[in-house]
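Asker: As a plain string of letters, each chain reads:
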Amino acid sequence: MENLIGLLVLVPLLGAGVLLCGGRRLDRAGHWIGTLVAALSFVIGAVLFAGLLGRAADDRELDVTVFSWVPVGGFHADAGFQLDQLSVTFVLLITGVGSLIHLYSVGYMAHDERRRRFFGYLNLFLAAMLLLVLADNYLLLYVGWEGVGLASYLLIGFWQHKPSAATAAKKAFLVNRVGDVGLSIAVMLMFTTFGTFAFGPVLDHADRAGEGRLTAIGLMLLLAACGKSAQVPLQSWLGDAMEGPTPVSALIHAATMVTAGVYLITRSAAIFDAAPVAQAAVVAVGAVTLLFGAIVGCAKDDIKKALAGSTMSQIGYMVLAAGLGPLGYVFAIMHLVTHGFFKAGLFLGAGSVMHGMNDEVDMRRYGGLRKYMPVTFVTFGLGYLAIIGFPGLSGFFSKDKIIEAAFAKGGTEGWILGGAALLGAAITAYYMTRVMVLTFFGEERWRPAPSPDEPSAEPAAAAHEGAMPHPHESPKVMTIPMIVLAAGSVLAGGLFSIDDAFVRWLSPVTGHEEGNSPVGALTVTAATMVVMVLGVALAWFQYGRRPVPVTPPRGSLLTRAARRDLLQDDINHIVLVRGGDHLVRGLARVDHGLVDGAVNGTAAAVGGASARLRRLQNGFARSYAVSMFGGTAVLIAATLLMRAV
Amino acid sequence: MNPVNYLYLAALLFTIGAAGVLIRRNAIVVFMCVELMLNACNLAFVTFARMHGNLDGQIIAFFTMVVAAAEVVIGLAIILTIFRSRHSASVDDASLLKL
Amino acid sequence: MTSTGEAVQFWVLAVVAVLGALATVLMRKAVHSALSLAGTMIVLAVFYLANGAYFLGIVQIVVYTGAVMMLFLFVVMLVGVTAADSLKETIRGQRLLAGLCVLGFGVLLGAGIANASLHRFDGLGQANAGGNVQGLAALIFTKYVFAFEITGALLITAAVGAMVLTHRERTERAATQRELAEARVRGGKQLPPLPAPGVYARHNAVDVPALLPDGTPAELSVNQTLRARGQVRDVSAEALADLAALEQRSEDRLERKGKKR
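Line by line, the protein sequences give chains R, Z and X. Residue 379 in the UniProt record's numbering sits at position 379 of the first sequence, and the numbers go up by one each step. Residue 53 in the UniProt record's numbering sits at position 53 of the second sequence, and the numbers go up by one each step. Residue 76 in the UniProt record's numbering sits at position 76 of the third sequence, and the numbers go up by one each step.
Everything labelled a hint here was simulated from the structure, so no lab data went into it. Beta carbons are placed, not taken as given, at the ideal position from N, Cα and C, and that holds for glycine. Please note: incorrect hints may appear among the correct ones.
[Stated by the list, open to error] Quick look at which bits of chain X chain Z covers, simulated, 3 or more residues with Cβ under 8 Å:
(1) 39–47
(2) 51–63
(3) 133–139
(4) 216–222
[What the hints assert, rightly or not] Under 10 Å between C-beta atoms, here's a sample of chain R residues computed to sit facing chain Z:
(5) Arg622
(6) Val626
(7) Phe629
This is chain R alone, in the form it adopts within the complex:
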């Protein structure tokens, strides 16, 4: 069984290698190879899961040391895998949802001539993510972490002929690097503190290290998590990452990449538990991001960007839960899994819509699509109900638990966090309803508007007519994954909650404790229901009852700010780009003035002295003879002086 763990990483990695190195011979079968590889790794994961299930609850940890990686003197790092309840949960999510997305991509990328390469990258992504969650030490985790960054770069920029995609990929990579620096610093700190990278020793002895140390490590880990999971302040790459093909968005948002940060925090629970400051920072980041993402999601007209805001917000929930300590770790992971299902479903649904609409992404040009795409409508709708926390669907169970846990934190903090989580739930309901309504209900705004009263819109309409979309349902290969994911969105939460199965499953790894909520569980659920209904109703009244203009209205200040991602790029620009510019300009000035001045001055001095000295070299042998003779005289004088002294 231990051998299977290594195979789990190796299979997608080999798949990626074969696909990327195989050349055009594999063009015709490449996508199926990629999908098969993903499915195979899912099967392996399922076998491992079954194996773990068969063991006692406190014996569900497998450790495999594959080889001694860096044995240098006192420094010793092994490449090893660790499979426990937490990682196997991730493995199943990654390979399961990943396989479905592979399958979906077969249809979605059918007309792309670089499809084989796309599947190679997808496999690489899976391999890196599996390495990340299976590593038994932070150094190997770091390798997976970087691999995920690389794969996301390749996939976001997959349509590299589009400058916007290339830029988005670069942006994602750069922002992720900031987080990666945090992780590398954290790893180094760990080594200086504990003398090892392995999870076991580090986490078991975390409380022995000083709190200051642990706070530093925790904050650095948080920075890393912020980068990968698109949390404030490193959130700016996520929206632009929508430039990638839609399956990539689904993969990044549901199964891989953004979950890495939550995994890192949960995995390092022992460190955060011993460092309250770092834990408070985690909570703060989560709360801020969940509102931030939700607000951004409300204002976006691009369906994928609205969903991206939603992801940010939902990951904010998870980070918030992870920051609550043992109160919330289990629920963070549970929400992560349920979110994996419904967000993947939503993205695949969005992709399906775009597929049928000539790659149009503006929701204001959708409308009334439920008649044309019934399967997409139903699956998307189930995902929608799940994410807003409709009772009985999976989002309801996981999100409700997080809100409860936030209240259970206790004190003012608990009220603030609980309030933020509740508000987030309301906004979630609002923006998701908005997406739903704009896309599937209302007028068919994608038809050219017969509007004689708007002559200025005529050319645009005429131009639009030429490329008028003929919305149609996507092929089976795309709808089947959507159906499976929709089923997951509906059932997962309920299944997990039967007899607290998920809590019992995970708590040996992460620890779990029930908080003493000042508010009763039922009250919280009721409040959640109320705010959800309020949000849905507001959105319905705003978008369902009134006609939606195709060109977005100017909107309030907040709307405009939210359309600009709450000024994230502007802030980055002002703080980082301008600041960097000024710094660099200053440095350049110093370089020109001081360094170059010194260097050039020396050169000029030497040159000038040489030009004068050169006159001694006049080519006349007699002049040289005088020098020699003078030198001889000096030598004799010196000899005589030495004798005399």
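Take the given structure of chain R and dock chains Z and X to it, following the hints.
Answerer: This is chains Z and X only, laid out in the frame that chain R set:
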């Protein structure tokens, strides 16, 4: 008379020869001045031999003469070659050794 | 201490040697320099003899004065005996610097000799007991045998080097007499022998040019050297005048008055 006077004479001749080397431009005369310096040295060696009462100084002077003969042969050959190619025996004309 | 005779000899000949050295440096013509140097060398040879270096004294005269200086003279003749150097200095500051250096050097040498403790004076009586040449030979072939052998190698190298340096490789075939003649015709030079000078018996001398049929002198008939020196005696006008005077006199004597003129 103190034989040291021979040494003073040798020093004087040597210095005069050196002055000639530095001042004259005709390569042949410069060469002659070099010979004068060598002869002054020989005189000093011979005088030293007499002072110390052994013949080593004379041996050195003898070798100096042989070497000087060889030097004259080569030096004059060089002067002739230069004269052939440049039609001048002035040491200042061969002043290409500069920037 | 040495004998009075040697002291007198020293003071007289030292003056000669210094004068010769100064003349070597200061004479404008290389020939004069060479001769002055030869004089100084002979004086030095005498000093060698006086210092008990009999072999060296003779070698100095035979090798130096006899062979080396004659070689110098050969080269001076080859390069141009008449060319006199101008003693005007062309390098700025050279003479001043040279003067300073020479003065300093001389003073230092003098000071060095004066400071050295050279009061012991053994004389060569014992060393020369078995004969100066024998003593030198014993040293050369025992103690200095390696230096001697190496000197031999040096001399051979020098001889070969001199040959290499002065040898000029013939790069083309020597012209035949026919080719030379053709070249002369092509060059438009005077082909027949040059005219002989002084065709008149009365002026049978080489500095008198022959006269052309119209009575003008033919420059080519006079030796090239005389022409270059401007020593051509133009006798044509004089000869006509002389002829006229002769005719006058003969008419006077024959009293043929009024027959002509």
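Asker: Take the hints in turn and mark each one as holding or not.
Answerer: Hints, one by one, checked against the model:
1. Counting residues of the stretch 39–47 of chain X whose beta carbon lies closer than 8 Å to any beta carbon of chain Z gives 4, which reaches the threshold of three, so the coverage claim holds.
2. Counting residues of the stretch 51–63 of chain X whose C-beta lies closer than 8 Å to any C-beta of chain Z gives 8; at least three are required, and the coverage claim holds.
3. With 3 residues bearing a CB less than 8 Å from a CB of chain Z, the stretch 133–139 of chain X meets the requirement of three and the coverage assertion stands.
4. Note: the stretch 216–222 of chain X has 0 residues with beta-carbon separation from chain Z under 8 Å; the three-residue rule is not met and the coverage is violated.
5. Because the smallest distance between the Cβ of Arg622 of chain R and any Cβ of chain Z comes to about 6 Å, under 10 Å, the interface hint for this residue holds.
6. Because the smallest distance between the Cβ of Val626 of chain R and any Cβ of chain Z comes to about 6 Å, under 10 Å, the interface hint for this residue holds.
7. Hint on Phe629 of chain R holds. Least Cβ distance to chain Z is approximately 6 Å, under the 10 Å limit.
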